[in-house]
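**Q** Sequence:
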Amino acid sequence: MFTGIIEGVGVIRSIKHKGEGLQVEIECDFDLKKVNIGDSISVNGCCLTVTSRLGTRFWADVSKETIERTTYKFLGEGEPVNIEMAMELGGRFGGHIVQGHVDGVGEVVNINDDSDKVELVIKVPNGLEKYIVKKGSIAIDGVSLTVNHIKNSFFSVTIIPHTKVKTTFSKLYIGKLVNLEVDIIGKYVGKLTFLDSDELEKESKITEDFLRKHGFN
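In terms of the numbering used here, the sequence shown opens at residue 22 and continues consecutively.
Misleading hints may appear alongside valid ones.
[As the list claims (entries may be wrong)] Here are the simulated DSBU-like cross-link-like pairs (lysine-lysine), alpha carbons at most 35 Å apart as the crow flies:
{"hint": "1", "residue 1": "Lys55", "residue 2": "Lys39"}
{"hint": "2", "residue 1": "Lys187", "residue 2": "Lys85"}
{"hint": "3", "residue 1": "Lys39", "residue 2": "Lys54"}
{"hint": "4", "residue 1": "Lys234", "residue 2": "Lys172"}
[Stated by the list, open to error] Label pairs and their in silico Cβ distance ranges:
{"hint": "5", "residue 1": "Lys85", "residue 2": "Lys156", "range": "35 to 41 Å"}
{"hint": "6", "residue 1": "Glu98", "residue 2": "Ser191", "range": "18 to 24 Å"}
{"hint": "7", "residue 1": "Pro146", "residue 2": "Lys85", "range": "16 to 22 Å"}
Since the hints were derived computationally from the structure, they do not count as laboratory data. C-beta: ideal position from N, C-alpha, C; glycine also.
All chains should be modelled from the sequences, with the hints used to inform the complete structure.
**A** Structure, rendered in structure tokens:
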């Protein structure tokens, strides 16, 4: 589990095909002494497993499903990525619950860069907007942020200067694709309240025929 508080920025040093997936080599700008083989680590909001480590570099495998569901299909060597190590039991909880399971890819459609803040407007994939609420939490490329406004398939967030400097957000541009993970609580609530009629019919054994047979006309 992660909290969306980025520990540093890494750089993709190499990408190699491995079966149907990829192996990525990432160089970090912070100490990796606490990272062990087999540890989970968030890279641009995707939970990966460390398979090897040397100095400030580590290697991780990326599955076919992760490639298809995220911006990893567009990653290239030399590209910066947000890095967060998994939360330690008893550690400070600074952001919100982030699983590292990307729900969809959004597109930056507007950037309003003031001296004291940056406001982003992001377009979300169809269907994902129902899990996003005003003043709720969302992870963008692994960064925990608060939703300012949500309308149809667009939402906005504000980035403070510290977050901009300490993450890949200093490299944002209009048209950039970003990984989105909505709040896990919202997904559970959505599962209970937004089931479509087909799902309800499959789940329920009480049908119109059942009611008629038991005297309900």
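**Q** Please go over all the hints and tell whether each is borne out by the structure.
**A** Hints, verified against the model:
{"no.": "1", "hint": "Lys55 x Lys39", "result": "holds, 27 Å"}
{"no.": "2", "hint": "Lys187 x Lys85", "result": "holds, 29 Å"}
{"no.": "3", "hint": "Lys39 x Lys54", "result": "holds, 26 Å"}
{"no.": "4", "hint": "Lys234 x Lys172", "result": "violated, 46 Å"}
{"no.": "5", "hint": "Lys85 x Lys156: 35 to 41 Å", "result": "holds, 36 Å"}
{"no.": "6", "hint": "Glu98 x Ser191: 18 to 24 Å", "result": "holds, 19 Å"}
{"no.": "7", "hint": "Pro146 x Lys85: 16 to 22 Å", "result": "holds, 19 Å"}
Hint check: a violation occurs at hint 4 only; the rest are consistent with the structure.
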